[in-house]
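Colleague: Chains as they are written, first to last, in the working numbering: chain A, 1 to 375; chain B, 1 to 375; chain C, 1 to 375; chain D, 1 to 375.
Bear in mind the hints are in silico, worked out from the structure with no lab data behind them. Each statement offered as a hint is correct.
DSS-like mimics (lysine-lysine), calculated; alpha carbons at most 27 Å apart, straight line:
id: 1; chain 1: D; residue 1: K221; chain 2: A; residue 2: K272
id: 2; chain 1: D; residue 1: K217; chain 2: A; residue 2: K272
id: 3; chain 1: C; residue 1: K141; chain 2: C; residue 2: K343
id: 4; chain 1: B; residue 1: K217; chain 2: C; residue 2: K272
So you can see what is in the structure, the chains are spelled out below.
Protein chains: 4
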Amino acid sequence: MSKKKLGIGLIGTGFMGKAHAFAYRSALAAFPDIPTPELRMVADVNAEGAAKAAQQYGFASSTGNWRDIIANPDIDVVSITTPNTFHKEMTLAAIAAGKHVHCEKPLSPTLADSEEMVKAAEAKKVITQVGFNYIKNPMLKLAREMIAAGELGEITGFRGIHAEDYMHDPEGLYTWRLDPVGGPGVVADLGSHIICMARFLLGKITHVNADIETIVKSRPKAVGSKERVPVLVDDIARLMVRFEGGFGGTLEANWVKTGRKMQLAFEVHGSKGSLYFTQERLNELQFYKAGGDGRTAGFTTIEAGPQHPPYGGFIVAAGHQLGFNDLKTIEMAEFLRGIAHGKAEGPDFREAYEIQKVVEAALASSRQAASRVTI
Amino acid sequence: MSKKKLGIGLIGTGFMGKAHAFAYRSALAAFPDIPTPELRMVADVNAEGAAKAAQQYGFASSTGNWRDIIANPDIDVVSITTPNTFHKEMTLAAIAAGKHVHCEKPLSPTLADSEEMVKAAEAKKVITQVGFNYIKNPMLKLAREMIAAGELGEITGFRGIHAEDYMHDPEGLYTWRLDPVGGPGVVADLGSHIICMARFLLGKITHVNADIETIVKSRPKAVGSKERVPVLVDDIARLMVRFEGGFGGTLEANWVKTGRKMQLAFEVHGSKGSLYFTQERLNELQFYKAGGDGRTAGFTTIEAGPQHPPYGGFIVAAGHQLGFNDLKTIEMAEFLRGIAHGKAEGPDFREAYEIQKVVEAALASSRQAASRVTI
Amino acid sequence: MSKKKLGIGLIGTGFMGKAHAFAYRSALAAFPDIPTPELRMVADVNAEGAAKAAQQYGFASSTGNWRDIIANPDIDVVSITTPNTFHKEMTLAAIAAGKHVHCEKPLSPTLADSEEMVKAAEAKKVITQVGFNYIKNPMLKLAREMIAAGELGEITGFRGIHAEDYMHDPEGLYTWRLDPVGGPGVVADLGSHIICMARFLLGKITHVNADIETIVKSRPKAVGSKERVPVLVDDIARLMVRFEGGFGGTLEANWVKTGRKMQLAFEVHGSKGSLYFTQERLNELQFYKAGGDGRTAGFTTIEAGPQHPPYGGFIVAAGHQLGFNDLKTIEMAEFLRGIAHGKAEGPDFREAYEIQKVVEAALASSRQAASRVTI
Amino acid sequence: MSKKKLGIGLIGTGFMGKAHAFAYRSALAAFPDIPTPELRMVADVNAEGAAKAAQQYGFASSTGNWRDIIANPDIDVVSITTPNTFHKEMTLAAIAAGKHVHCEKPLSPTLADSEEMVKAAEAKKVITQVGFNYIKNPMLKLAREMIAAGELGEITGFRGIHAEDYMHDPEGLYTWRLDPVGGPGVVADLGSHIICMARFLLGKITHVNADIETIVKSRPKAVGSKERVPVLVDDIARLMVRFEGGFGGTLEANWVKTGRKMQLAFEVHGSKGSLYFTQERLNELQFYKAGGDGRTAGFTTIEAGPQHPPYGGFIVAAGHQLGFNDLKTIEMAEFLRGIAHGKAEGPDFREAYEIQKVVEAALASSRQAASRVTI
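With the rest of the complex left out, here is chain A:
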């Protein structure tokens, strides 16, 4: 029988740590069917920061040592929001302690690490989830349902991208994000989101042919410093893919696309219709349906409303709009519901591992570049 309350421990208090806090605080109000999350302990390398976060986010206690969360028997669930070099160690410890684990993406710097984490979780039968929040959008759920129901007919192609611009300035400093110890670069950081979205909508990606490159070859070591550090991770990844369903598509991940703050976008088309979405207008989905009155045919802008679950858990009237933190709330609520039901609603560690396989295949393809024809 499922517990009515779940003790929550949060590791990390940065961008994603705060997002988890918001989400746990709002989840029950939006989803009355889930177990009540009780905010028990928050950890940060900086104990003072952890204490401040506890007060601000409403956690009962705090610590400067994340292992206190692992050791705490009142904590059922651990949220890991630290940089991804720490994910494996923390995750394995939490799993070993029998805790359910939500870990931010990308799951780990390497595929081998991810595999180890999947195996540990499955062996221990804990519920896992990885922070692919964008697919939690009601508009994405609608898109997936429409595709599954055949409303687009036979799918004939996909065109996806996740581009932002936080690395676009060649004079931007070298940071830990660019350390290859943390993973291969944009293909894992942003690429994993669009790969996840593609799989969510359309199923398995079976083949990849990729071109991955580093645009800014070195960056200043510090403000005012003339010393530059060579950059060994990639800035842009372009993938041509094939899906299990027999159709193809392209994916792009790009963190040097000047001016773009959140271009996580896709177009998917089938014999009977098409969809278009961009996270820049996350409460809208564009739908074209073939075969009606040609005089008034066109792309329809669907606005999110309570007819698109779980929007109604947040707002009873259409057009009022969800925000980024609401998507995170849906994500955490589904995680908690998965724990209650003993079955992850996903994406779980295994799904994150499958996503990482695409990342690694893209890297392998790009290294060989054998299909590239010189003109």
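Starting from the known structure of chain A, fit chains B, C and D onto it as the hints suggest.
Modeller: Okay, now just chains B, C and D, sitting in the frame of chain A:
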């Protein structure tokens, strides 16, 4: 000296009641400088519904009698989210008990009632606020600052609208919202939002010339019933206004505009620039600046980011987007900060009263219709 | 029986003169059913400019005296594209000579002049047309048809505007356009377009309540001059109107709206649907249809194609887009077809006179301002 | 010395034939500096159709035999708008007769044919042009200038597509367009446009890695027929490319993208800025400039106006909009000006040949598919 914690009582658990709950739960995480809101009691006419809401929203207790909140000495702040016919009684009781009051809009069905409420609050020196959440948007704050700083030059005109479509169907049932006891109709319900926004951006409205009409003259009493109830409140209000600054504009309030879910929009133009905004894309503000390189001039789509306070309290990265409930969180946080500082950040009861004066002037103008020229 | 060829005379070689030339040159290719326009003579006050225009636009002859066109028996049709202070004299001369007349808008500075021109044309039974080109757009024809066919249900309201910014700079020079001898200002210049469009879509306007104002009270006489000329014509006109069909709306004309180059836009809504259009995207019409599957409802962006006559006369494939000069071609082709059939397709002089009646009623209403309530 | 008049012969009277006719008729009015085009003869396989076209388009004579145009000494210029299987024969005949040739795209079904045509034209020193009309847009000229002037900084990537949907229906009939005798399919038909645009903006494409596929494997032979014809040409082409400048990009050509009528679009980004364009809104260019006031930064929508040559040749006021046929007019005017100056303004046959080299390289790459990694 301000209290570090404030006990919260919530009356009403519907659309707005839930929005208040979300907001109180998130406020401190987004605004660490405010007093900590402690959710102490929730009231609903239905005691069972109140109990359920307490559990779901995290209130310590519940009641079927709103006067229990008034009587509770641990409650410092009362949120009133019931239909507006109840606002006056509840508000006056709360003020009499020395509580700070947040009341949803419109403040009351009549100007006289509003005036009474303003006087009571000011006499008792409690902090008040009224639920005009849309102006809490960082994009609106930016717009206001730009106007005040002269970035548009001399203001030359305004064009505002708040249109939705929840009354567009002539076969939609007669409901309490259409009972004139609750107020004059759309001019108060949606009109107050666009009047509030116009005042927030541009200052006092000094003259009104209005045309207000009822589109659906009667509605079915019940599903399947042939009996129709005459509708005595208005469906569309059109206002031509003049502002204190000497320029003019138009305002429209419309709840029969089929297809529109949240067209709360304005254009404001001056000798040096223009702004355009619609709540349909609440994380964007369009800005045109005259006088630059004509070759690349045009309207710029500004995307909300941490450079637009208080966006950064919610999300550290640009382009991720706030939602409706986040605006409500800003609103409640500012209310609590106002209590801490002993000064309302607004819109307070007096501002709501000023808004209602515009509503009443519009009704008076429309009744006389003396400027209307027959062609 | 109708003539197979029509001799064309053009008076004026500026912005509109050139547009007429393009249109006459393209009309037959797009509309094979119309009489062949033969470009016989072009007139300009500057004989040299006229000669150059003849060569450039393909007219057989030219003159510095417009009366040569009137006197020329081979000319059946006269296009008048001079400033509107000259319209009456030229038009009456052309009519007296039995020629069909196309005159640019506004037809004349005063209603009395327009009436005289209408009477002359009707007495002589010549075909007339006035340059309201924007309603010639296939998307406007579609909109009108949809409204007439009841696809929006009972019409419940209209919101129209024509705003540009060519007068927005307070330091812009005083020009002939601002001379009240030419008419009242923006309400006639741009206002006539949106009034025309409203009438085209929805029928007669029966009542007007207006607020019309001059924003820039004086302007420099010349570059570098300190002398300023007082401006006696208006810059912004705001109208609240009622239509014959019993519903209301607003119209705005504005030539100081900084940043807007062609905001000729309307929204019209009815019990079953809505349309939205802006000339800024003239090949699109937005349509909302109530009552379908709520999950996928929304505004549909209809793109112009050959299914929207007479688009197909220009381009056989959808989405390729018409431009401004194509609208003018449609206009002139319909004028020539009207001549062939002995019946104007409109808007003819009478329609222009009706439009001017609305302009004058607006001015009268604004002067009295009796419904304006001071707050 | 250049001739003042040029005799024009047109072969083909379909979609593009008509577009050429419009363009020749309007060119001089928009571009007074070019030689006067005189419409001398039009040819069509159907002599009656040719005669009708002559009357409608204003050609002095017509013929059912295209060789009459070649043989006519009064014809200086030949426009070839027939299906591309006929291009080579007609072109070589016209060149042999010393005529300047405009040929629609794609230039020929094979690279070898194109090479032969280039050599013939260059040997005979006639001026040539190929119908890549979309790059004639003033917004494209602006984009190219901005890139060349360094306004985007160092270019870091490109993302282009040309998608329409005229082949999306699997039950659409088999037509001559699908006959491989005419070329490889969409990669040549639409792909050549986006390749042309990429080269126009960014220079040579040096490497291609492509995935090209046929979606609809067979199509009905005739209406009502059960017989299906196998389709041997491609429906979607996806290319990853590298440019001479060292950066990369993707291109897609797709004629089964349901709902898209004219998605000819690109994004290009550099270290200091980005541009976005779609032919669906051909009078707009989106520009992001890095490094300004972050508070008001964003993509600016530039609207076409007379400050963007040669827009002003058509319309003197901004925002009025050019259409597809106007782009064709620019194209033909530049062709005629090229003849007058003895130097093609392009794209000439050589450029079309270079484009075709990219097409063939894409096909070769796709056949080998060696970089494709199976997951």
